[in-house]
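Build the full structure now, drawing on both the sequences and the hints.
Protein chains: 2
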Amino acid sequence: MTARFDVTAIGNAIVDVIAQCDDAFLAAEGLNKNSMQLITQEHSASLYTRMGQALETSGGSAGNTVAGVGSFGGRAAFIGKVANDQLGDIFAHEIKAIGVHFDVPRLVDGPASGSSLINVTPDGARTMCTFLGAANELTPDDIEPALIEGAALVYLEGYLFDLAQARAAFAKAAGLARANGRKIALTLSDAFMVERHRDALLGFIRSQIDLVFANESELLSLYQTTDFDGAASRLASEVPMAAVTRGAAGSVVVCGNDRIAVEAVPVDRIVDTTGAGDQYAAGFLFGMAQEKPLEVCARLGALAAAEVISHYGPRPQTALKDLATAHIAEDWGD
Amino acid sequence: MTARFDVTAIGNAIVDVIAQCDDAFLAAEGLNKNSMQLITQEHSASLYTRMGQALETSGGSAGNTVAGVGSFGGRAAFIGKVANDQLGDIFAHEIKAIGVHFDVPRLVDGPASGSSLINVTPDGARTMCTFLGAANELTPDDIEPALIEGAALVYLEGYLFDLAQARAAFAKAAGLARANGRKIALTLSDAFMVERHRDALLGFIRSQIDLVFANESELLSLYQTTDFDGAASRLASEVPMAAVTRGAAGSVVVCGNDRIAVEAVPVDRIVDTTGAGDQYAAGFLFGMAQEKPLEVCARLGALAAAEVISHYGPRPQTALKDLATAHIAEDWGD
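Those protein sequence lines, which keep their order, are chains Z and G. Mapping the first sequence onto this note's numbering, position 158 (from 1) lands on 168, and the numbers just tick up by one. Mapping the second sequence onto this note's numbering, position 118 (from 1) lands on 128, and the numbers just tick up by one.
You may find that some hints are simply not true.
Per the computed footprint, the stretches of chain G lying under chain Z, defined by three or more beta-carbons under 8 Å from a beta-carbon of chain Z, are [said to hold, decoys possible]:
1) 52-61
2) 314-327
Here's a subset of chain Z near chain G, in silico, CB distances under 7 Å, partners left out [unchecked claim]:
3) Glu39
4) Leu41
5) Asn42
6) Gln63
7) Leu65
8) Thr67
9) Glu104
10) Ala107
Distance condition first, Cα-Cα at most 27 Å in a straight line; then the derived DSSO-like pairs of lysine-lysine [as the list claims (entries may be wrong)]:
11) G:Lys106 x Z:Lys43
12) Z:Lys106 x Z:Lys182
13) Z:Lys302 x Z:Lys193
14) G:Lys43 x G:Lys193
15) G:Lys302 x Z:Lys106
16) G:Lys302 x G:Lys193
Just so you know, the hints here were simulated from the structure itself, not pulled from any lab data. Keep in mind it's a predicted model, so treat the numbers as computed, not measured. C-beta: ideal position from N, C-alpha, C; glycine also.
Okay, structure coming up:
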């Protein structure tokens, strides 16, 4: 069956609140730099009062990725939950404005839309404190079968392993995808998330996943090791393909015994690394949907990541389709 | 009496929704490029669906100005009205986070917090469609006398001439300021606003105002002329001092027979001109509060305007205090 979508993603629907801070602020708040931690609504309200001037924009890891796919000109859909409130309006508007299909019913009579308080230090590192709110209420009923059955690639956000109902939703989506011969990709999302759910993640990867996205610390956390090459080999033995990002050192595609290393795209100044991994995945998935060689997929990922770390906010501000045309000698068609 | 605040500003409390567009979009929507127009909640909801991916951040002309004063290290207060909703939370957080005093009670049982849909073309020009919402409900009761009596400078946003209750609030504030020997500044805000309220504005300027801020088109609209020098002279005959911005051509301070021309500060790329005039006013007012010469006031304004047009969003992302220290050979104290 021809796919209606290149990518359908399932993830936490989140609005980001992005402010600048210094390392002392992170220490005073007891926050692990570069991590994501879940916080209560009360903690969120309290932390917010101590944060600096902020800007708000839609986020959520998988939401950022499909927004990136849309920015490349790909066809994408998103499944995630927001409430019927102003932040929900913002989330819904932005993902649709970039061309992504989104029609999950709003949550009624529940918590507010989720938000992530993101503190960015002068080195561009982001530290996230997320109140999930309505995003926490995603259930298997929200997985519209046609969106999974009609997607060439189904992309799952690892953060959802923290949520029991969402894991059931993953299982439903994986079953639908398998039954229709669709590929399933999973991002490990965060080293602490990997720590919390290592066994369940490994079981899910072995049984259901075709492509894993991870950064270096997530990969090392998965196998509780400091040996990158060894961890990559173990992952290669469990999943057909993986793409591992290494920050300024670029990325490595792991596929059987093959290792394809691709350099990072240099940027003038790293402003805010929020969304770097998400946009890498966007470029990679878009390339796969276009049936490009793996090296080109990784280069598209690097290009998208470079765009997003050069400004505040986790989604592209320049059309990635135009960047791809300008920087990669390929014909992207329409 | 020593002033508790350098500047207290009265204006529309607005959250900005900033998206990129092309000139064809403005034409299709029937929007006057570079202008601000008031729209209904229904029109706002409809226009939003057709806009591109956006980011949200606090705005409002006078709110931006006091945020800039705060960023310079000045002491500022803001008077404007938001509702008890998520956008109101965002507005209140951001203005307080930058160090501005803000304690106007939230509007209850009324419209939502105001928002401005800002479409930015590739040349950096911004075109604004504002749903005032709760901002429209500012009344004389919201003018806390201590905030006016304790401010060296009271800054009034011309946009409020569109609102009958807010004009009454202006009158109350002007009376309190006069009675306490405080200076009153007014920004003309928008050429179409000037067109709508020319006679009332001129009467208010002649009777109450010590300092007028205007851009070139607002000044020309005030006197229905195309003769800049003539208009400047007419304004000089009606108000002790005026600062007129001319975009890339810099600004001119008009004071009696004196004309002090100051160049614009060059920027690598004009990204978004939203807030340029607001930040010019911030620098100018901060300089006045520091009792700097007028030329230095205008240079501080130019510096702040250059910072804000080099990124999306109407408020400084770099501390203006640091920029002032780096670029202007003056001792700013603490």
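Status of each hint after checking the structure:
no.	hint	in the structure
1	52-61	holds (count 3)
2	314-327	holds (count 5)
3	Glu39	15 Å, violated
4	Leu41	17 Å, violated
5	Asn42	23 Å, violated
6	Gln63	5 Å, holds
7	Leu65	4 Å, holds
8	Thr67	4 Å, holds
9	Glu104	5 Å, holds
10	Ala107	5 Å, holds
11	G:Lys106 x Z:Lys43	25 Å, holds
12	Z:Lys106 x Z:Lys182	24 Å, holds
13	Z:Lys302 x Z:Lys193	16 Å, holds
14	G:Lys43 x G:Lys193	33 Å, violated
15	G:Lys302 x Z:Lys106	50 Å, violated
16	G:Lys302 x G:Lys193	16 Å, holds
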